[in-house]
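Participant: Listed below, chain by chain, are the residues.
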Amino acid sequence: SQTIHQWPATLVQPVGSPLSLECTVEGTSNPNLYWYRQAAGRGLQLLFYSVGIGQISSEVPQNLSASRPQDRQFILSSKKLLLSDSGFYLCAWKQRGTGELFFGEGSRLTVL
Amino acid sequence: SQQGEEDPQALSIQEGENATMNCSYKTSINNLQWYRQNSGRGLVHLILIRSNEREKHSGRLRVTLDTSKKSSSLLITASRAADTASYFCATEGISNFGNEKLTFGTGTRLTIIP
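Top to bottom, those sequences are chains F and A. Each residue of the first sequence is one higher than the one before, counting from 1 in the working numbering. Each residue of the second sequence is one higher than the one before, counting from 113 in the working numbering.
In case anyone wonders, no lab produced these hints; they're calculated from the structure. Predicted model only: the values in this text are computed from it and were never measured. Here a beta-carbon is modelled for each residue, glycine too, at the ideal position from N, C-alpha and C. Incorrect hints may have been included.
Unchecked claim - With a cut-off of at most 20 Å between alpha-carbon atoms, the simulated EDC-like pairs for lysine to aspartate or glutamate come out as follows:
| hint | chain 1 | residue 1 | chain 2 | residue 2 |
| --- | --- | --- | --- | --- |
| 1 | A | 168 | F | 71 |
| 2 | A | 213 | F | 59 |
| 3 | A | 213 | F | 71 |
| 4 | A | 213 | F | 100 |
| 5 | A | 138 | F | 59 |
| 6 | F | 79 | F | 59 |
| 7 | A | 213 | A | 195 |
As the list claims (entries may be wrong) - Pair by pair, the computed Cβ-Cβ distance ranges are:
| hint | chain 1 | residue 1 | chain 2 | residue 2 | range |
| --- | --- | --- | --- | --- | --- |
| 8 | A | 138 | F | 42 | 14 to 22 Å |
| 9 | F | 69 | A | 127 | 42 to 50 Å |
| 10 | A | 169 | F | 70 | 33 to 41 Å |
| 11 | F | 112 | A | 130 | 42 to 50 Å |
| 12 | F | 112 | A | 179 | 43 to 51 Å |
| 13 | F | 60 | A | 170 | 50 to 58 Å |
| 14 | F | 112 | A | 180 | 32 to 40 Å |
| 15 | F | 29 | A | 119 | 38 to 46 Å |
What the hints assert, rightly or not - Some but not every residue of chain A turned toward chain F, in silico, with C-beta under 10 Å:
| hint | residue |
| --- | --- |
| 16 | 174 |
| 17 | 178 |
| 18 | 194 |
| 19 | 202 |
| 20 | 223 |
Chain F on its own, in the form it takes in the complex:
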């Protein structure tokens, strides 16, 4: 069966520090991968998606970047965090051609 792992679960970082959130998927190959951000009490905003190794599409201009160094690994990064980067970050995957998204448990980032 397929599983998705996302870490760290909780992160408190000072403004200006770097960020790395990691997501890995097991039990499937060549998945579409997604990073979403959820502000407190709000809906989900799509940040990045990837259809293959090294292929990243950005949905919104921002202080963040994403990379896919391996087929089932998706990394969200920042060189210098801003206060506005605080939020709940969710990684998700789906098989191409199917509808359902499978989500990780999320990473809660607080920038102070």
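Given the coordinates of chain F, assemble chain A onto it according to the supplied hints.
Facilitator: Only chain A this time, still in chain F's reference frame:
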């Protein structure tokens, strides 16, 4: 940008009653999906309805889709305390790059009162 808008934003009902949530969207879609999120957790897929379908059932869930009105509804029958969660609709369209992506609404916070 948000594609879907759920209505109401919050809903409180007594256990055993039915809960109805609505979703409106703006552009043509391939399918519409409903997800559930318990507080502080990831989202869980509930049901998918394709653009050529009008109604779909799964257990106590019933989803309708009206593409002419660009709207959908989720009905949860015989609600239980465990149904307390946020519910999101999501629409699948085609991006500028021809790849699949889901756009989520703002969610309905459902509280079931025991």
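Participant: Evaluate each hint against the coordinates.
Facilitator: Consistency of the hints with the structure:
1. Between the alpha carbons of residue 168(A) and residue 71(F) the distance comes to roughly 34 Å, so the proposed pair goes past 20 Å and is violated.
2. Taken as a hint, the residue 213(A) and residue 59(F) pair is honoured in the structure, with Cα atoms around 10 Å apart against an allowance of 20 Å.
3. Annotation: proposed proximity of residue 213(A) to residue 71(F) holds, straight-line Cα distance about 18 Å (limit 20 Å).
4. Of the supplied pair hints, the one linking residue 213(A) and residue 100(F) holds, its CA atoms being roughly 10 Å apart against a limit of 20 Å.
5. Distance hint between residue 138(A) and residue 59(F) is fulfilled; the C-alpha atoms sit about 18 Å from each other, no more than 20 Å.
6. A C-alpha spacing of about 19 Å is found between residue 79(F) and residue 59(F), which places the hinted pair at or below 20 Å, so the restraint holds.
7. This hinted pair does not check out: residue 213(A) and residue 195(A) have alpha carbons roughly 27 Å apart, beyond 20 Å.
8. For residue 138(A) paired with residue 42(F), a C-beta distance near 18 Å keeps the hint of 14 to 22 Å intact.
9. Separation of residue 69(F) from residue 127(A) is about 48 Å and conforms to the stated range, judged on CB atoms against 42 to 50 Å.
10. In this structure the hint that residue 169(A) and residue 70(F) lie 33 to 41 Å apart at CB holds, the actual value being about 40 Å.
11. Residue 112(F) and residue 130(A) have their C-beta atoms about 44 Å apart, which keeps the hinted 42 to 50 Å range intact.
12. For residue 112(F) paired with residue 179(A), a C-beta distance near 46 Å keeps the hint of 43 to 51 Å intact.
13. For residue 60(F) and residue 170(A), the hinted distance range of 50 to 58 Å is not satisfied, since their beta carbons lie about 33 Å from each other.
14. Taken as a hint, the range 32 to 40 Å is violated for the pair residue 112(F) and residue 180(A), whose Cβ atoms sit roughly 49 Å apart.
15. In this structure the hint that residue 29(F) and residue 119(A) lie 38 to 46 Å apart at CB holds, the actual value being about 39 Å.
16. Checking residue 174(A) against chain F: minimum C-beta separation of about 18 Å lies over 10 Å; hint violated.
17. Contact between residue 178(A) and chain F, as hinted, is not supported at the beta carbon level, the nearest pair being about 19 Å apart and thus beyond 10 Å.
18. The interface hint given for residue 194(A) is violated, since its Cβ lies 19 Å from the closest Cβ of chain F, which is over the 10 Å cut-off.
19. Checking residue 202(A) against chain F by beta carbon gives a least distance of about 8 Å; that is within 10 Å, so the hint holds.
20. With its C-beta approaching chain F no nearer than about 14 Å, residue 223(A) sits outside the 10 Å limit, and its interface hint is violated.
Checked against the numbered hints listed earlier, the structure breaks hints 1, 7, 13, 14, 16, 17, 18 and 20; every other hint is satisfied.
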